[in-house]
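Turn these sequences into a full structure, and let the hints guide you.
Residue numbers (numbering that gives the first Met the number 0), protein chains in the order written: chain F, 0 to 298; chain H, 0 to 298; chain Y, 0 to 298.
Among the hints, a few may not be true.
[As the list claims (entries may be wrong)] Straight-line Cα separation of at most 25 Å, DSS-like style, residue types lysine-lysine; simulated pairs: (1) H:Lys-56 x H:Lys-44; (2) F:Lys-44 x H:Lys-161; (3) Y:Lys-56 x Y:Lys-44; (4) F:Lys-56 x F:Lys-44; (5) Y:Lys-44 x F:Lys-161; (6) H:Lys-297 x F:Lys-297; (7) H:Lys-44 x Y:Lys-161; (8) H:Lys-161 x F:Lys-56; (9) Y:Lys-297 x F:Lys-297; (10) Y:Lys-56 x F:Lys-161; (11) H:Lys-56 x Y:Lys-161; (12) H:Lys-297 x Y:Lys-297.
Just so you know, these hints were derived from the structure itself, not from any lab. Treat the numbers as computed from the prediction; the structure is a model and nothing was measured.
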Amino acid sequence: MRQVSTSASALSALTGGVLTGEFRRVHGVEAVEHAGPEDLACYEKGEPGRAGVLLAKAAIEGRTVIVVPDPLAALCMVLDHFLPEPGFVTAVHPTAKIDPTAILDPGVVIGADCEVGPGTHLFPNVVLYARTRIGAHCRIHAGSVIGADGFRYHATPTGPLKVPQVGGVVVGDDVEIGANCTIDRGFLTNTTLGAGCKLDNMVHVGHNCTLGSYVIIAAQTGVSGSSRIGDGVLIGGQVGIADHTVIGPGARIGAQSGLHGTIPAGETWLGTPALPISVMRRVYAITRDLPAMWAGWKR
Amino acid sequence: MRQVSTSASALSALTGGVLTGEFRRVHGVEAVEHAGPEDLACYEKGEPGRAGVLLAKAAIEGRTVIVVPDPLAALCMVLDHFLPEPGFVTAVHPTAKIDPTAILDPGVVIGADCEVGPGTHLFPNVVLYARTRIGAHCRIHAGSVIGADGFRYHATPTGPLKVPQVGGVVVGDDVEIGANCTIDRGFLTNTTLGAGCKLDNMVHVGHNCTLGSYVIIAAQTGVSGSSRIGDGVLIGGQVGIADHTVIGPGARIGAQSGLHGTIPAGETWLGTPALPISVMRRVYAITRDLPAMWAGWKR
Amino acid sequence: MRQVSTSASALSALTGGVLTGEFRRVHGVEAVEHAGPEDLACYEKGEPGRAGVLLAKAAIEGRTVIVVPDPLAALCMVLDHFLPEPGFVTAVHPTAKIDPTAILDPGVVIGADCEVGPGTHLFPNVVLYARTRIGAHCRIHAGSVIGADGFRYHATPTGPLKVPQVGGVVVGDDVEIGANCTIDRGFLTNTTLGAGCKLDNMVHVGHNCTLGSYVIIAAQTGVSGSSRIGDGVLIGGQVGIADHTVIGPGARIGAQSGLHGTIPAGETWLGTPALPISVMRRVYAITRDLPAMWAGWKR
Numbered sequence: 000m001r002q003v004s005t006s007a008s009a010l011s012a013l014t015g016g017v018l019t020g021e022f023r024r025v026h027g028v029e030a031v032e033h034a035g036p037e038d039l040a041c042y043e044k045g046e047p048g049r050a051g052v053l054l055a056k057a058a059i060e061g062r063t064v065i066v067v068p069d070p071l072a073a074l075c076m077v078l079d080h081f082l083p084e085p086g087f088v089t090a091v092h093p094t095a096k097i098d099p100t101a102i103l104d105p106g107v108v109i110g111a112d113c114e115v116g117p118g119t120h121l122f123p124n125v126v127l128y129a130r131t132r133i134g135a136h137c138r139i140h141a142g143s144v145i146g147a148d149g150f151r152y153h154a155t156p157t158g159p160l161k162v163p164q165v166g167g168v169v170v171g172d173d174v175e176i177g178a179n180c181t182i183d184r185g186f187l188t189n190t191t192l193g194a195g196c197k198l199d200n201m202v203h204v205g206h207n208c209t210l211g212s213y214v215i216i217a218a219q220t221g222v223s224g225s226s227r228i229g230d231g232v233l234i235g236g237q238v239g240i241a242d243h244t245v246i247g248p249g250a251r252i253g254a255q256s257g258l259h260g261t262i263p264a265g266e267t268w269l270g271t272p273a274l275p276i277s278v279m280r281r282v283y284a285i286t287r288d289l290p291a292m293w294a295g296w297k298r
Numbered sequence: 000m001r002q003v004s005t006s007a008s009a010l011s012a013l014t015g016g017v018l019t020g021e022f023r024r025v026h027g028v029e030a031v032e033h034a035g036p037e038d039l040a041c042y043e044k045g046e047p048g049r050a051g052v053l054l055a056k057a058a059i060e061g062r063t064v065i066v067v068p069d070p071l072a073a074l075c076m077v078l079d080h081f082l083p084e085p086g087f088v089t090a091v092h093p094t095a096k097i098d099p100t101a102i103l104d105p106g107v108v109i110g111a112d113c114e115v116g117p118g119t120h121l122f123p124n125v126v127l128y129a130r131t132r133i134g135a136h137c138r139i140h141a142g143s144v145i146g147a148d149g150f151r152y153h154a155t156p157t158g159p160l161k162v163p164q165v166g167g168v169v170v171g172d173d174v175e176i177g178a179n180c181t182i183d184r185g186f187l188t189n190t191t192l193g194a195g196c197k198l199d200n201m202v203h204v205g206h207n208c209t210l211g212s213y214v215i216i217a218a219q220t221g222v223s224g225s226s227r228i229g230d231g232v233l234i235g236g237q238v239g240i241a242d243h244t245v246i247g248p249g250a251r252i253g254a255q256s257g258l259h260g261t262i263p264a265g266e267t268w269l270g271t272p273a274l275p276i277s278v279m280r281r282v283y284a285i286t287r288d289l290p291a292m293w294a295g296w297k298r
Numbered sequence: 000m001r002q003v004s005t006s007a008s009a010l011s012a013l014t015g016g017v018l019t020g021e022f023r024r025v026h027g028v029e030a031v032e033h034a035g036p037e038d039l040a041c042y043e044k045g046e047p048g049r050a051g052v053l054l055a056k057a058a059i060e061g062r063t064v065i066v067v068p069d070p071l072a073a074l075c076m077v078l079d080h081f082l083p084e085p086g087f088v089t090a091v092h093p094t095a096k097i098d099p100t101a102i103l104d105p106g107v108v109i110g111a112d113c114e115v116g117p118g119t120h121l122f123p124n125v126v127l128y129a130r131t132r133i134g135a136h137c138r139i140h141a142g143s144v145i146g147a148d149g150f151r152y153h154a155t156p157t158g159p160l161k162v163p164q165v166g167g168v169v170v171g172d173d174v175e176i177g178a179n180c181t182i183d184r185g186f187l188t189n190t191t192l193g194a195g196c197k198l199d200n201m202v203h204v205g206h207n208c209t210l211g212s213y214v215i216i217a218a219q220t221g222v223s224g225s226s227r228i229g230d231g232v233l234i235g236g237q238v239g240i241a242d243h244t245v246i247g248p249g250a251r252i253g254a255q256s257g258l259h260g261t262i263p264a265g266e267t268w269l270g271t272p273a274l275p276i277s278v279m280r281r282v283y284a285i286t287r288d289l290p291a292m293w294a295g296w297k298r
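In structure tokens, the structure reads:
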């Protein structure tokens, strides 16, 4: 149980909801299935459990309910208000243009010509290579490396020649990047992430990629160089995206898929190589039958 | 050759074995195929090579053998005794409850309300976010990040709303976590790893997951949020586990598999989507024949 | 546009090319499709765009061209000359044998008995565990961990027994390792990377692996323990290589493949489990047709 100490009426005022049922005090916030009589919980469907106070879309007979249009959004407000994230000790690096409201945790290293916008939080051991620009109100989690060299070698008779990577990385506002991610800088121009992008842990984005706004990428996905990902695209975990892939706005990509070429806007694709999800689901459904078919066909 | 200087009889005493064959001194420990007359080696099967002294299950004519029931376990004792791991310089962070016998290497950052148990070693640049509890005798390798935000956004008309992650991470005793892993903290409750879990490098565990005791996970595997993994489960490398997956105790999962739903206790599954290994091995075996079958069927 | 200020004739002298067309000054370097009248660009095929000066293999009517045998190699020379990489502040760790010409960035941690060769650059937060030897002119990017424990446990009646890892890692000259990689140390002997190897971000190499010279590995690939990879092998992204795999010199492995056993020298393999690329491409081509074949066959 997370400790808070407040009342149902105060929570109702905070969330802009309508309090129904009897007055109750609240001492914790819990998942609805674990909550007890002193807890607040968010109720969306199924069993309403034993929580003393519920955030829900409608009143429930015999229960104390704060009626709100979006219970989870209301719970987020409560958590942000009562349980702010504890900070690490801050160590500001003197050579970069850091907005005074940005938070730089210990172990953060920032190279030349970088910029970090207002309200942005760089968690411990984040590294920004030279020429990285991070917008406002971003969160970059521990161990992520932004702006390392793109991966390109030029084959010559005397072995691979490193192609210098002299571009940068530009990250828009309200972007969250998980722990231990890598976003490489561009070759001559920039690698760019649009406003509101959300990357889970261990996501890799190669050089010269362009991500639109509100692109959401789950853990351990890799985006190879020069790919372009449209606004609002959703990408599952462990997806591999070949270089120069183009994904149209609003497309969705299932976990562990492998992509190349062009994915049309708004479509959902799955598998390696990826196909429209309706096709690939049928392939997945009959995979276990293939050996029997082969045995029968050979006869 | 790793330098030691001892004798076959001292090694016999150390390992509790029975010395057979002539007395010999030992100056190194080597793999059996590389060992020479001054080396100790562990012999299990195949060629016994040229090692001066062998740890083996039975005496060998004309050779100096320390007979032990488990030669590799005996070798581990020798290595631990003669070749203790050299330490890094330690830098203890003053604001966390750290057992005085724990080792914190340089670059380690520990947030508020964390606990680290006796004998635990946090290697360089490990980060513990607030509310992370690490048990006794754990080893967490360099660059791993424990307790970063779980990955959850709530879709609203004005874009994705971040769902605050206010739970913690609880890691049991005798857990080893490899380098550059990420274990996210829970949403309201905790993400938990049971005693004796062993994670290889770059393993990702999402928020609210529960791993039982002695779960072993190979490199680059990702476990999505709220999954439950039973005691003694073995998971290969680069496996992807969807959110809310349940894996029964003692199950085994082959490398590069993709899982969702429920995997029964004690079974071995493989592939994407995963199937029982006997089924998937038959699919793998006929994959190369599918184009010929298709060509024949079309006619 | 990257700022430089020079002339076509100076660039011709720098690159050893032959200047054709009228004299022009140059103020930037750009991709050929974005370059304007004051920019230098590298032209290889397609549209020559509007760049004021081109590096190309042959003269072009009405344009200022520096004729060189390898335009991209010439561009690399220009970039290295005019846009050297800005350094981080250096913090040398006192207890290791570091060549005085090596660069160690902030947050680098180096264990006992390590060696770092001349001209090598360790970027921020790189960790070298004890007994790691890095050759000359290497670049190891931020967050990479070299020499952590190999992943091996010995099953005993009382649970998994950790097998101590007392070998090291030996990295040859001119090796580049991307950000957030992990290279584990060997069990008794060493894990070795030959000269000129190039690893992208988040690559994992397990204990006792041997990589030959000029092995190139794309992002998020994992190489399990004791694998041997021959000279000049090219491996795509997100590939999984089982333990004890042997890949012959000059072989190529497609992205997201899963390998085990032996891959012959010079061949190109693809898929999970991997097959020769010509076979697997035919399988990929008919994957979408399998459900129809199954439906027809059942009738």
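How the hints compare with the structure:
1. H:Lys-56 x H:Lys-44: holds (10 Å)
2. F:Lys-44 x H:Lys-161: holds (21 Å)
3. Y:Lys-56 x Y:Lys-44: Holds, because 10 Å separates the two Cα atoms, which is no more than 25 Å.
4. F:Lys-56 x F:Lys-44: Distance ~10 Å between Lys-56 of chain F and Lys-44 of chain F Cα, so the pair holds.
5. Y:Lys-44 x F:Lys-161: holds (21 Å)
6. H:Lys-297 x F:Lys-297: Roughly 15 Å between the alpha carbons, so the hint for Lys-297 of chain H and Lys-297 of chain F holds.
7. H:Lys-44 x Y:Lys-161: holds (21 Å)
8. H:Lys-161 x F:Lys-56: holds (20 Å)
9. Y:Lys-297 x F:Lys-297: With a Cα-Cα distance of about 15 Å, the restraint between Lys-297 of chain Y and Lys-297 of chain F holds, given a limit of 25 Å.
10. Y:Lys-56 x F:Lys-161: holds (20 Å)
11. H:Lys-56 x Y:Lys-161: Roughly 20 Å separates the two Cα atoms, so the pair holds.
12. H:Lys-297 x Y:Lys-297: Distance of about 15 Å is within 25 Å: holds.
The structure agrees with every numbered hint stated previously.
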